[in-house]
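Peer 1: Chains as they are written, first to last, in my numbering: chain G, 1 to 147; chain R, 1 to 407.
It should be emphasised that the hints constitute simulated quantities derived from the structure, not laboratory data. Take the hints with a grain of salt, since some may be wrong.
Interface residues of chain G toward chain R, partial, derived using beta-carbon atoms under 7 Å [to be verified]: (1) I18; (2) P77; (3) G116; (4) Q119.
The beta-carbon is built from N, C-alpha and C at its ideal position, and this holds for glycine as well.
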Amino acid sequence: MDYKNIIAKFADVPGGMIEAFHAIQDEFSYLPEEAIIEAAKVFGVPAADAYGVATFYSYFSVKSRGKNIIRICESAPCHIAGADEVVAALERELGITMGNSTADGRFALEFAQCVGQCQATPVITVNSKPYFDVTPAKVVEIIAEYK
Amino acid sequence: MAEEMRIVLRNYGKIDPLKIDDYISLGGYNALKKACATDKTALIDDIKKSNLRGRGGAGFNCGMKWSFAAMAQADQKYVVCNADEGEPGTYKDRLIMENDPQTLLEGMAICAYAIGATKGYIYCRGEYPQVVKILNTAIAQAKEKGVLGDFDIEVRMGAGAYVCGEETALIESLEGNRGEPRYKPPYPPAQGLWQKPTIVNNVETFAAIPVIVEKGGEWFASIGAPSYPGTKVLTLTGDINNRTFFEVPTNTTIREVIYKLGGGIPSGKKFKAVQIGGTSGAFIPESQLDTPIAFDAMTAIDAALGSGAVFVLDETRDLVDVTTQIAKFFEHESCGKCAPCREGTMRMFDLMEKINDGEGSAQDVALLNKLGRVMSYSCLCGLGQAAPAPVLSTIKHFPADYNAKFA
Chain G
1 MDYKNIIAKF ADVPGGMIEA FHAIQDEFSY LPEEAIIEAA KVFGVPAADA
51 YGVATFYSYF SVKSRGKNII RICESAPCHI AGADEVVAAL ERELGITMGN
101 STADGRFALE FAQCVGQCQA TPVITVNSKP YFDVTPAKVV EIIAEYK
Chain R
1 MAEEMRIVLR NYGKIDPLKI DDYISLGGYN ALKKACATDK TALIDDIKKS
51 NLRGRGGAGF NCGMKWSFAA MAQADQKYVV CNADEGEPGT YKDRLIMEND
101 PQTLLEGMAI CAYAIGATKG YIYCRGEYPQ VVKILNTAIA QAKEKGVLGD
151 FDIEVRMGAG AYVCGEETAL IESLEGNRGE PRYKPPYPPA QGLWQKPTIV
201 NNVETFAAIP VIVEKGGEWF ASIGAPSYPG TKVLTLTGDI NNRTFFEVPT
251 NTTIREVIYK LGGGIPSGKK FKAVQIGGTS GAFIPESQLD TPIAFDAMTA
301 IDAALGSGAV FVLDETRDLV DVTTQIAKFF EHESCGKCAP CREGTMRMFD
351 LMEKINDGEG SAQDVALLNK LGRVMSYSCL CGLGQAAPAP VLSTIKHFPA
401 DYNAKFA
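Input sequences plus hints: build the corresponding full structure.
Peer 2: Structure (C-alpha cells):
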C-alpha cells in the first residue's frame, strides 16, 4: 500500500503518528523520508518533530533495511547465557556485521534490549517472533526458515 | 514460608485467555459489579486500606494516587495501563496479559469508575505484538458482553524505548511524541494525558484490584510485609536451577526465593551475587540474602525491589563484565533530555569499558563512585537516578572484581 494511504488511516487518531509509523514499517520495513514528511503534514507538526519521533524509538529505522529483521537481545541475562556466540554465528551465517542488512535485502541484523522472554536465554527475534535458548547451531536452522 | 501464593496470577493455566466466558465462570467481573454498587469514596478508601503499592517499581500507594485523580475536576479523565515492561529480566506483565487479559481490563474498569474516567489506554511495549493481539481480542469480547459499560479501552504499541516505562514519558509517547519524561509537578493524577487527570498503573497493580475489591482491603493488607502487603511476581534468570516465575507473599526472603523456589545454583557452584528489580537494581551479596522482597526492606539495604526480576550470578561470573554490559544498556536507553543522564551514562560506560578492558585504575573507580552519586540525585527521572546502582553496588560489595582488572 502507498504510504500516503497508510498515514491517512491514522489521521484522526489522537497521538496516532507512532501507530502510523508502525503500519508503514510493516509494509516497508523502514520509514522512508517522504513518509515522515507526509506524517508531519497530516498530524500538523513540523517535519523536525516527526523526524524526532522517527529517530527516538529503536524499533523505527530511517534507513532502508532488510525485510526480515533479526534482533538479538544483549541485556545482562542473555549476555551471560552466551549471546556473544549467537551474535558471532549470525554474523558468520549472514556474512554481515551487526547493524547491517544483507545485499539481497532479505535480512537485517540488529541488537535489541530485553525482549521479555528471559525464561529461555539467549533469545533472538525474527520479525518480533521469539526463538528460545538459541545456540550457534540453532541459528543456521532459524535463518533457513526465512530463506 | 517460601510457598507460592497466586493473587494476580490466580487464573494462570485455569482459563483459556481468549474466552471471556472462562473468566466470567471463575467469578470474573463480579468485582466490577460490586465496585460500581459502592460509593466511589468508600471504594477508594478500601483500596487505600489494602495498602496496595504500585508494582511497577515506584511503590506509591495506589488508593492515594486514585484519590488525587478522583478529586480533580475535569471534563475528561484517563486510565492508563503501563504495559511497557522493559526492565531486563522481567516478563511478569506479559504472563498476566497472555494468560488472563480480562483481569487487567476489569482492574482498569474499576479504576475508571472510581476516578470518573470513560477512556483507557494500554501502552504495550513494541516487543510484544502477540500480546497486543490478545488484548485486542479480550477488549472486543468485553465490549460484546457489555461488561465494561461506557468505559472504552484502546491498546497502543510502544516502539522500543526503555524510558517509556517512566509514566510521564509513557504519556508523551501515547500523545505521539518522543518519549521524554516531563518535569514534575504537575503529576499525572492532576495533569497527565493531554493535560487531563490521568492514572497510570502497572499491569500487576491493576491485576490485583479485582481480588482486593472482592475480598476487601483488610484481607490484602494482612498478606506479606505490612508496609508493602500482598504478593509480588518474580522472574528468575541467570545461574539458577529453576529459570521460571513465582508469585510469593512480600515477606519471603531473597534466600528462600533463590534456594527454595529457585532450586539453588546449577552444577554445585557457589552463589556470588543477585541483582533484583531489573537492570537498574543493585547487586546484592550473600550477607544480605535474608532481606524480604518487600519495597522498604530492599530500600533499607540500598537495593530496590523494582520490577521483581531476580538475576542470579554464580562464583565464576565476572561482575565488572556484567556491569559494563549494563552500563552500555543505560548509555543506549538514556533519552538525552537532561544532561546528567545523557552525559553521565556515556561517561559511566566509558569508564566501565576502560576498567573491563584492563586499562583502568583505582582512580577510575573513585570517579565512578562520584559520578554515580551525582547522577542519583541530579537526573530528571528514575532512569538516570537508578542507572548508577549496579555500578555503585558492585564497587561497594565486590571490590575484588574491580581490583583484578586494574592495569
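Peer 1: Confirm or reject each hint.
Peer 2: These are the hints, each one checked on the structure:
1. I18: Constraint on I18 of chain G satisfied, holds at 5 Å.
2. P77: This hint holds: P77 of chain G lies near chain R, its Cβ roughly 4 Å from the closest one there, short of 7 Å.
3. G116: Interface hint status for G116 of chain G: holds (4 Å vs cutoff 7 Å).
4. Q119: 6 Å, holds
Going down the numbered hints, you'll see the structure goes against none, and every one checks out.
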